[in-house]
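Chemist: Could you build all of it, start to finish, from the sequences and the hints given here?
Protein sequence lines correspond, in order, to chains A and B. Every letter in the first sequence is one number past the one before it in the numbering used here, and letter 272, counting from 1, is 566. Every letter in the second sequence is one number past the one before it in the numbering used here, and letter 220, counting from 1, is 514.
Simulated from the structure, these hints should not be mistaken for laboratory data. Some clues are possibly wrong.
One copy or two, it doesn't matter: identical chains are merged, so the pair holds either way.
For lysine-lysine, the following DSS-like pairs were computed, each having C-alpha atoms within a straight-line distance of at most 30 angstroms [stated by the list, open to error]:
(1) K504 - K365
(2) K543 - K594
(3) K604 - K403
(4) K605 - K328
(5) K604 - K558
(6) K328 - K558
(7) K311 - K373
(8) K547 - K504
(9) K594 - K550
(10) K403 - K605
(11) K311 - K594
(12) K372 - K311
(13) K586 - K558
(14) K314 - K547
(15) K307 - K594
(16) K307 - K328
(17) K556 - K527
(18) K504 - K605
(19) K586 - K556
(20) K557 - K328
(21) K522 - K328
(22) K604 - K307
(23) K605 - K527
(24) K543 - K557
(25) K547 - K586
(26) K314 - K594
(27) K365 - K314
These numbers were taken from a predicted model, which means no experiment stands behind them.
Number of protein chains: 2
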Amino acid sequence: MERFRAVCMNDIKSLLKGDKRVIARIVSAVEDGKGEDLLESIFPHTGRSFHIGITGPPGAGKSTLVTSIAKRLLGCDKKVGIIAVDPSSPFSGGALLGDRIRMTDLALKDNIFIRSMASRGSMGGLAQATKDVALVLDAAGMDYVLIETIGVGQVELDIAQVCDTTIVVLVPESGDSIQAMKAGLLEIADIMVVNKGDREGSERLVSELKFAFEMREKEAGWDLPILKTTAIKDEGIEELVLALESHEKHLTKTGKLEQERKKKLLLRMHELIERRIRVHLQKKVIPENEIKQLMESMYKRQLNPYRVAKKIARRIIRGSR
Amino acid sequence: MERFRAVCMNDIKSLLKGDKRVIARIVSAVEDGKGEDLLESIFPHTGRSFHIGITGPPGAGKSTLVTSIAKRLLGCDKKVGIIAVDPSSPFSGGALLGDRIRMTDLALKDNIFIRSMASRGSMGGLAQATKDVALVLDAAGMDYVLIETIGVGQVELDIAQVCDTTIVVLVPESGDSIQAMKAGLLEIADIMVVNKGDREGSERLVSELKFAFEMREKEAGWDLPILKTTAIKDEGIEELVLALESHEKHLTKTGKLEQERKKKLLLRMHELIERRIRVHLQKKVIPENEIKQLMESMYKRQLNPYRVAKKIARRIIRGSR
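Modeler: Structure follows, in structure tokens:
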């Protein structure tokens with residue numbers, strides 16, 4: 295135990311210095327849910343990174359966009375972390391070989407750390423683990439953490455909660471099938487990007503989005519940009535990076551960055567409490583020998599899960615007062 | 295209150311008889327999270343429907359497949375409920391006009407009830423609400439409840455927990471971009487369908503899937519079928535419905551249906567307890583005036599959310615003993 299502790303403390307020192315191998319090891323531990331003590335130790339060293347979420351449907355070119363943004367930031371001597379939560383991302387090995395080679399090329403540079411979370415347990419906890427990993431990259435001194443998520447489920451909405459700025463990426467051809475998805479994505483967008491802007495229909499999509507955003511209640515002081523990029527040709531990236539900087543400035547100037555981050559910390563704390571209670575519930579609240587009887591009675595419709603849940607929850611809540 | 299109660303009891307009687315207008319009203323109440331008392335009352339009348347999940351990437355033709363299956367089942371004098379959790383589904387108004395017309399046509403038939411959940415609050419609770427709605431349709435006397443989900447996030451994995459049989463639908467052209475998703479989907483599949491089977495590459499996909507499933511640990515007594523359909527032409531649907539029946543028989547014969555349903559009830563109960571505790575946590579555990587101080591301290595890194603969560607969770611857990 296003593297020795298394990300010592301190693302950890304050394305690890306943390308190396309992590310704070312940005313040692314890539316140590317980052318990788320700690321990220322893995324955290325992904326496996328083994329890093330809570332570590333997370334406690336590194337927490338005081340966090341809060342310095344700016345977190346950017348990039349979300350959109352499969353095939354929107356999110357990874358190419360992330361790569362382009364990352365290269366610009368690296369060019370400005372910034373340290374960049376990338377977390378890909380999208381299983382179809384080239385970062386996760388899920389796309390065409392050419393894309394994957396481009397990513398590998400990027401990963402070998404200094405000042406960058408890339409991690410794909412795609413293969414990690416899909417049944418739950420992915421969003422939780424992503425938040426923890428983002429914290430590790432924050433402690434490791436990354437100026438920017440870019441989080442790529444697939445924009446169709448709930449995970450990306452959940453992850454948007456740890457991002458200071460969320461970029462939503464759409465492409466002309468995704469058309470009707472994502473029409474409906476847009477509704478949910480528009481709500482979390484701070485910057486909209488129409489990628490593959492050289493394709494037919496991109497102007498129409500930009501107009502549609504402008505119309506959609508006119509309907510939305512405006513955030514005071516932030517005129518949501520709708521940008522056209524062709525990431526594969528590196529077109530429009532400069533404007534996008536400028537928009538990112540503008541949003542960062544806007545958040546800082548208005549005090550919104552601090553205010554939002556405080557809210558997010560409270561939310562995170564609630565999640566962590568829930569996680570602990572969940573583990574407790576599944577293991578210990580109902581004695582082993584009663585569980586079988588309980589399942590039997592619910593199956594036979596003699597008891598119902600809603601009422602049982604109410605009773606148990608009340609007992610727990612009363613106890614906590 | 296008394297009057298509200300009376301109305302509810304009448305509503306339940308009509309629900310059990312399968313009155314479509316009452317189903318619609320109760321489903322809406324449940325979606326809005328207002329139906330817990332109702333759910334308690336109807337629970338004794340549930341457990342008779344067979345729940346089938348249909349999941350796959352956008353554009354795989356899930357809705358057309360669901361429509362075809364539903365029509366077959368209706369033809370055998372079965373009552374069918376359909377829940378679309380996929381925002382890109384024509385059931386949700388998210389697809390081409392032709393598709394939508396086909397769906398509307400189906401919705402007008404007797405013995406069928408269709409509900410789209412797509413527009414409901416995306417930030418969470420979608421999977422939970424879907425489970426409650428499935429229970430309502432169960433009580434309303436549906437022989438089969440078909441649940442269509444988009445196969446890319448966590449929602450469908452969560453919903454798979456209430457399905458007796460899960461059909462995973464893929465199409466040849468989805469290709470590389472869903473390669474990675476397959477891993478997660480394969481785990482929950484009881485039946486695999488390659489839809490749009492008249493297109494190029496469908497045979498290759500079938501072979502790939504056969505290979506993938508050979509690697510997977512086999513479930514005793516169930517030889518997972520990999521079927522080719524062209525739902526738009528109604529091809530292969532008969533085989534699919536036969537496979538569904540086989541799986542239902544397999545589950546019943548081996549006692550797995552009962553066993554799995556018991557497990558799912560326990561899981562559901564845990565979820566319900568968690569939901570109650572979550573609501574409680576967000577509202578009452580920490581006094582209002584302490585919250586601001588807490589956020590401030592966490593933001594300044596004087597306190598950390600992991601440690602605070604541990605403390606509060608311990609207090610709650612200790613109290614519940």
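Chemist: Next, verify each hint and record whether it holds.
Modeler: Verification of the supplied hints:
no.: 1; hint: K504 - K365; result: within (29 angstroms within a copy, 41 angstroms between copies)
no.: 2; hint: K543 - K594; result: between (60 angstroms within a copy, 20 angstroms between copies)
no.: 3; hint: K604 - K403; result: neither (54 angstroms within a copy, 38 angstroms between copies)
no.: 4; hint: K605 - K328; result: between (33 angstroms within a copy, 18 angstroms between copies)
no.: 5; hint: K604 - K558; result: both (28 angstroms within a copy, 17 angstroms between copies)
no.: 6; hint: K328 - K558; result: both (23 angstroms within a copy, 27 angstroms between copies)
no.: 7; hint: K311 - K373; result: within (12 angstroms within a copy, 64 angstroms between copies)
no.: 8; hint: K547 - K504; result: within (26 angstroms within a copy, 57 angstroms between copies)
no.: 9; hint: K594 - K550; result: between (53 angstroms within a copy, 16 angstroms between copies)
no.: 10; hint: K403 - K605; result: neither (56 angstroms within a copy, 41 angstroms between copies)
no.: 11; hint: K311 - K594; result: between (60 angstroms within a copy, 21 angstroms between copies)
no.: 12; hint: K372 - K311; result: within (14 angstroms within a copy, 66 angstroms between copies)
no.: 13; hint: K586 - K558; result: between (39 angstroms within a copy, 13 angstroms between copies)
no.: 14; hint: K314 - K547; result: neither (33 angstroms within a copy, 54 angstroms between copies)
no.: 15; hint: K307 - K594; result: between (57 angstroms within a copy, 21 angstroms between copies)
no.: 16; hint: K307 - K328; result: within (19 angstroms within a copy, 51 angstroms between copies)
no.: 17; hint: K556 - K527; result: neither (39 angstroms within a copy, 55 angstroms between copies)
no.: 18; hint: K504 - K605; result: neither (50 angstroms within a copy, 47 angstroms between copies)
no.: 19; hint: K586 - K556; result: between (43 angstroms within a copy, 9 angstroms between copies)
no.: 20; hint: K557 - K328; result: both (26 angstroms within a copy, 27 angstroms between copies)
no.: 21; hint: K522 - K328; result: neither (42 angstroms within a copy, 43 angstroms between copies)
no.: 22; hint: K604 - K307; result: between (47 angstroms within a copy, 25 angstroms between copies)
no.: 23; hint: K605 - K527; result: neither (60 angstroms within a copy, 52 angstroms between copies)
no.: 24; hint: K543 - K557; result: within (19 angstroms within a copy, 51 angstroms between copies)
no.: 25; hint: K547 - K586; result: between (58 angstroms within a copy, 21 angstroms between copies)
no.: 26; hint: K314 - K594; result: between (56 angstroms within a copy, 27 angstroms between copies)
no.: 27; hint: K365 - K314; result: within (18 angstroms within a copy, 57 angstroms between copies)
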